[in-house]
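**Q** Protein chains in written order, with this note's numbering: chain A, 1 to 192; chain B, 1 to 192; chain C, 1 to 192; chain D, 1 to 192; chain E, 1 to 192; chain F, 1 to 192.
Don't read these hints as lab results, they were simulated from the structure.
Just so it is clear, the structure is predicted and the values come from calculations on it, not from any experiment.
A virtual CB, placed ideally from N, CA and C, is assigned to each residue, including glycine.
One or more hints might be untrue.
Residues from chain D that keep clear of chain E, each with C-beta distances beyond 12 Å, as calculated [as the list claims (entries may be wrong)]:
{"hint": "1", "residue": "Asp19"}
{"hint": "2", "residue": "Cys29"}
{"hint": "3", "residue": "Pro37"}
{"hint": "4", "residue": "Phe53"}
{"hint": "5", "residue": "Glu150"}
Cβ pair distances, simulated, as ranges [claimed, not checked]:
{"hint": "6", "chain 1": "E", "residue 1": "Ser188", "chain 2": "F", "residue 2": "Ile54", "range": "27 to 37 Å"}
{"hint": "7", "chain 1": "F", "residue 1": "Pro5", "chain 2": "B", "residue 2": "Glu99", "range": "37 to 47 Å"}
{"hint": "8", "chain 1": "F", "residue 1": "Thr70", "chain 2": "A", "residue 2": "Arg27", "range": "45 to 55 Å"}
There are 6 protein chains.
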Amino acid sequence: MPQPPHISRLPVPEISTLDADLQKYFRKCVEKLGLVPNVLRAYAFRPAHLRNFISMYNELMLSDDSGLSTLEREMIAVVVSACNRCYYCLIAHGQAVRELSGDPQLAEMLVSNYRVAPLSPRQTAMLDFAHRLTTTPDAIRESDRQALREAGFSEADLFDISEVVAFFNYSNRMAAALDLMPNPEYHSMNRL
Amino acid sequence: MPQPPHISRLPVPEISTLDADLQKYFRKCVEKLGLVPNVLRAYAFRPAHLRNFISMYNELMLSDDSGLSTLEREMIAVVVSACNRCYYCLIAHGQAVRELSGDPQLAEMLVSNYRVAPLSPRQTAMLDFAHRLTTTPDAIRESDRQALREAGFSEADLFDISEVVAFFNYSNRMAAALDLMPNPEYHSMNRL
Amino acid sequence: MPQPPHISRLPVPEISTLDADLQKYFRKCVEKLGLVPNVLRAYAFRPAHLRNFISMYNELMLSDDSGLSTLEREMIAVVVSACNRCYYCLIAHGQAVRELSGDPQLAEMLVSNYRVAPLSPRQTAMLDFAHRLTTTPDAIRESDRQALREAGFSEADLFDISEVVAFFNYSNRMAAALDLMPNPEYHSMNRL
Amino acid sequence: MPQPPHISRLPVPEISTLDADLQKYFRKCVEKLGLVPNVLRAYAFRPAHLRNFISMYNELMLSDDSGLSTLEREMIAVVVSACNRCYYCLIAHGQAVRELSGDPQLAEMLVSNYRVAPLSPRQTAMLDFAHRLTTTPDAIRESDRQALREAGFSEADLFDISEVVAFFNYSNRMAAALDLMPNPEYHSMNRL
Amino acid sequence: MPQPPHISRLPVPEISTLDADLQKYFRKCVEKLGLVPNVLRAYAFRPAHLRNFISMYNELMLSDDSGLSTLEREMIAVVVSACNRCYYCLIAHGQAVRELSGDPQLAEMLVSNYRVAPLSPRQTAMLDFAHRLTTTPDAIRESDRQALREAGFSEADLFDISEVVAFFNYSNRMAAALDLMPNPEYHSMNRL
Amino acid sequence: MPQPPHISRLPVPEISTLDADLQKYFRKCVEKLGLVPNVLRAYAFRPAHLRNFISMYNELMLSDDSGLSTLEREMIAVVVSACNRCYYCLIAHGQAVRELSGDPQLAEMLVSNYRVAPLSPRQTAMLDFAHRLTTTPDAIRESDRQALREAGFSEADLFDISEVVAFFNYSNRMAAALDLMPNPEYHSMNRL
Chain A
1 MPQPPHISRL PVPEISTLDA DLQKYFRKCV EKLGLVPNVL RAYAFRPAHL
51 RNFISMYNEL MLSDDSGLST LEREMIAVVV SACNRCYYCL IAHGQAVREL
101 SGDPQLAEML VSNYRVAPLS PRQTAMLDFA HRLTTTPDAI RESDRQALRE
151 AGFSEADLFD ISEVVAFFNY SNRMAAALDL MPNPEYHSMN RL
Chain B
1 MPQPPHISRL PVPEISTLDA DLQKYFRKCV EKLGLVPNVL RAYAFRPAHL
51 RNFISMYNEL MLSDDSGLST LEREMIAVVV SACNRCYYCL IAHGQAVREL
101 SGDPQLAEML VSNYRVAPLS PRQTAMLDFA HRLTTTPDAI RESDRQALRE
151 AGFSEADLFD ISEVVAFFNY SNRMAAALDL MPNPEYHSMN RL
Chain C
1 MPQPPHISRL PVPEISTLDA DLQKYFRKCV EKLGLVPNVL RAYAFRPAHL
51 RNFISMYNEL MLSDDSGLST LEREMIAVVV SACNRCYYCL IAHGQAVREL
101 SGDPQLAEML VSNYRVAPLS PRQTAMLDFA HRLTTTPDAI RESDRQALRE
151 AGFSEADLFD ISEVVAFFNY SNRMAAALDL MPNPEYHSMN RL
Chain D
1 MPQPPHISRL PVPEISTLDA DLQKYFRKCV EKLGLVPNVL RAYAFRPAHL
51 RNFISMYNEL MLSDDSGLST LEREMIAVVV SACNRCYYCL IAHGQAVREL
101 SGDPQLAEML VSNYRVAPLS PRQTAMLDFA HRLTTTPDAI RESDRQALRE
151 AGFSEADLFD ISEVVAFFNY SNRMAAALDL MPNPEYHSMN RL
Chain E
1 MPQPPHISRL PVPEISTLDA DLQKYFRKCV EKLGLVPNVL RAYAFRPAHL
51 RNFISMYNEL MLSDDSGLST LEREMIAVVV SACNRCYYCL IAHGQAVREL
101 SGDPQLAEML VSNYRVAPLS PRQTAMLDFA HRLTTTPDAI RESDRQALRE
151 AGFSEADLFD ISEVVAFFNY SNRMAAALDL MPNPEYHSMN RL
Chain F
1 MPQPPHISRL PVPEISTLDA DLQKYFRKCV EKLGLVPNVL RAYAFRPAHL
51 RNFISMYNEL MLSDDSGLST LEREMIAVVV SACNRCYYCL IAHGQAVREL
101 SGDPQLAEML VSNYRVAPLS PRQTAMLDFA HRLTTTPDAI RESDRQALRE
151 AGFSEADLFD ISEVVAFFNY SNRMAAALDL MPNPEYHSMN RL
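One chain only, chain A, in its complex shape:
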């Protein structure tokens, strides 16, 4: 796969120049994922910001302390990123949905238009909320929260769904602002 023309439109430090803790974290990424996600490379331009990004991301997306499965969190990530037309996140989290679901068609449906996907009522409620909170946050009313409760989500789940939606509204805008390019490896992973 050819490398993209850039990682970020802002300066990207060489890994060897980073603080030891960050170099160590990047080595751990390579061990676990086979790559250092380009978003981390780009954030290394502002190391204190990178540390906060990693900490918030890992708690939200990877923690066991949530009623949401990791697949559900990744499905939200893709739907929010589709609303915002964020290339970086659609590629990186589309791959995650393919990997976690084993269903490349599902991932592509969420990238294109989640309304065409054959979803469970729980997934539909979750993704309808994600779409609505992303596109018209000022129109959220108690009935929107209630629809999640009726689909079986707990109060803590409501918090987590909301924060994953909110987080990708943050990261989509960072990707847009810096014109982040995803690692090319994502494109061909989990396609079969």
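Given the coordinates of chain A, assemble chains B, C, D, E and F onto it according to the supplied hints.
**A** Then chains B, C, D, E and F, alone, in the frame of chain A:
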């Protein structure tokens, strides 16, 4: 690849029940493409409409009598379909862009947000026009046509760009109205 | 009536230079309609495209093989063209609604805002669908199709409604892209 | 012409029950216009409001004390009403543009999409401002006012253009809120 | 409080140069309000227009002949002005809501997003209608009027609600067009 | 000031039940600010999430390691929150702009419509970018970044502006999702 749950939400006739000319055309599709595109299966519910669809599609997208390359036409197809969030067309024409360009990343960029793709000035002018004619047709002015001319397009090219944009605004709406599901084979083709 | 300043912003061939089949078709238009619609004059710049346009248009809008009346098809044409603010189609198909309904007020209501027209439940369902498929195609769900069925439309009717909506999303964009001007005769026809 | 099914969705008092000054004014309307505009009939439900409406309308639209011609004011009325898709005002003020311009095509262009009309630079500046102040009032900046000055408008003209735009954003909403139906006579006037 | 850099971007006449009736009215404003609202100063550039503005404003917003309380009318003013993001009206009528309600939090809620305010069913119906008539006037249907009736509003109340909504769609656009700056005194009034 | 009817629509733990580090942090808030911001009370329902929120917020909004002044960061916060119509953030960060700028009118302008504020070219560039990245993140192009550079911002400043914009797109959505109510004390602070 698992089959999608349906091809269309309207009745889809068995191929063996179709008129001879259509059965013959579908056999030709299998020979050339390895499949009968599901949109044709769905249109077979209204055979006279299918014949017109085939004729218009083939002239617009496959004819040698155009100053636009087939890749350029497919790039327009994907950008229009992204504006309209059309799952069927993004999958089918995303595959075509991968095949014709040999560049899976380019196809994914056009699916997500064509503005992040590294395009030539000619491609940028063409896709900016496609985006604008799709999303705000009432705002097109002479300056929009002039931008195409300045990018090197002829008057006939302007006609063809416009009609490809227009055509996918048609086919995207048919796919949405019938909830068309693309052939699952597209998902894994030309990924490497 | 004064002629408009142009028919199309792209070259418009003299009728006498066209292939015999097209000249013959244009003569038939004059016999039946009293004029050659300017959209056909403009498409003659790309003759193979004109033939496909004629064939698709006639099947969709004039064929007896449809559960939709010609007035219903023209009403859809006007509502879609109002969404897209397409001058050419509002003038040409507004005249058709006046002629077929004998009700100039109805035509003007559809041009301005179909929601103010006194419609039957069948017409309301049909035009609500046309409006929705035009403006938010990605939001169409099974409930939208079901509303048409409940208003008495057959599966084949659903196909035809969808394709008329889709077709005017195509032709509106051609009219916008080429800045097509309608024949001036339409303005005063069927006003009383 | 058939009467519309109603004048307003709120009660419409009989003319004979109105105060003498209003009855007199309505008789004057019949003398000058051949009809009492239905908007006045509808406002008569709230007589003090009607008197203010008449006074503001007449100053804005009919007064000699303005650098704008009455045609220019009516053109603005139609463009604003097209933005807001107001049936009543498009019919009533579309007729006024036909009468004052002697050009039915111009009126229909403004109803459909003012951008297709062959306008002078002065008219273009005026109507671009009307469109922008109607659809995105929060985005008006000094450059918008400056464009009017550069097109030859005086400071008092800027006031009057702005107030005509503002007024039809008012009256369009009254027509929508009350579902006002225009007098049927407008439809056939000044068509030739 | 510092004075704003300007009152209006158009000429603002000295009060001493105005006709006697207007000077008298401005003195009455100072007596009752402690200031001459800047909108009146700005309108004095077109004195006949100012007289109509005063007359319509006073009938609509201050008259005893209405089923709406003055607080209700001011709440509508703020919600409409929030839709249109009108600085002048949000400051002036936000102060009025603070004064009439004695509840600064309510005023700020209406400025930000009325949906977060703890409203009665009557207020909710009224403000939902105001929001809808402002943002999508072409989508108003009988069901919108009926929702007001079911919340207890009379036919005359429907007229008045509609006209207050309509009026602020007018005045917001005048404020935007002229870049009107509110009197600085409003900012600190009724904050506690 | 009356307390709002709730802090969050999800459970809000008593402070005395929180882990020692969080109780200590809340005491520090009271010492420095005179209150515990309600957003922190609401996040305490998910303590690990609260710690990440605090860490990211403090780095972004309070750190000395940024080329942006704290006032500039708060101005961005208000403009983003105005785009998203977020009551909580407009109240809390509107107060911060009043405190840091000493200019209540500036704060109200940013709440209503930043385009009416008398801004320096640097502030205008920064807030235009904030508005655009919030409302149309997919349309950001190199020219948007370049406009910031031309206004004197460094590459690190571009990172920080982008992340503050991104962060409030996150926190606005959390406030909407949980219906967060700001501490009533903000309303009257720094009004004079």
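**Q** Now tell me, hint by hint, if it's right for this structure.
**A** The hints, checked one at a time:
no. : hint                           : result
1   : Asp19                          : holds, 14 Å
2   : Cys29                          : holds, 19 Å
3   : Pro37                          : holds, 17 Å
4   : Phe53                          : violated, 8 Å
5   : Glu150                         : holds, 15 Å
6   : E:Ser188 / F:Ile54: 27 to 37 Å : holds, 33 Å
7   : F:Pro5 / B:Glu99: 37 to 47 Å   : violated, 59 Å
8   : F:Thr70 / A:Arg27: 45 to 55 Å  : violated, 36 Å
Hints 4, 7, 8, counting from the list given before, are not met by this structure.
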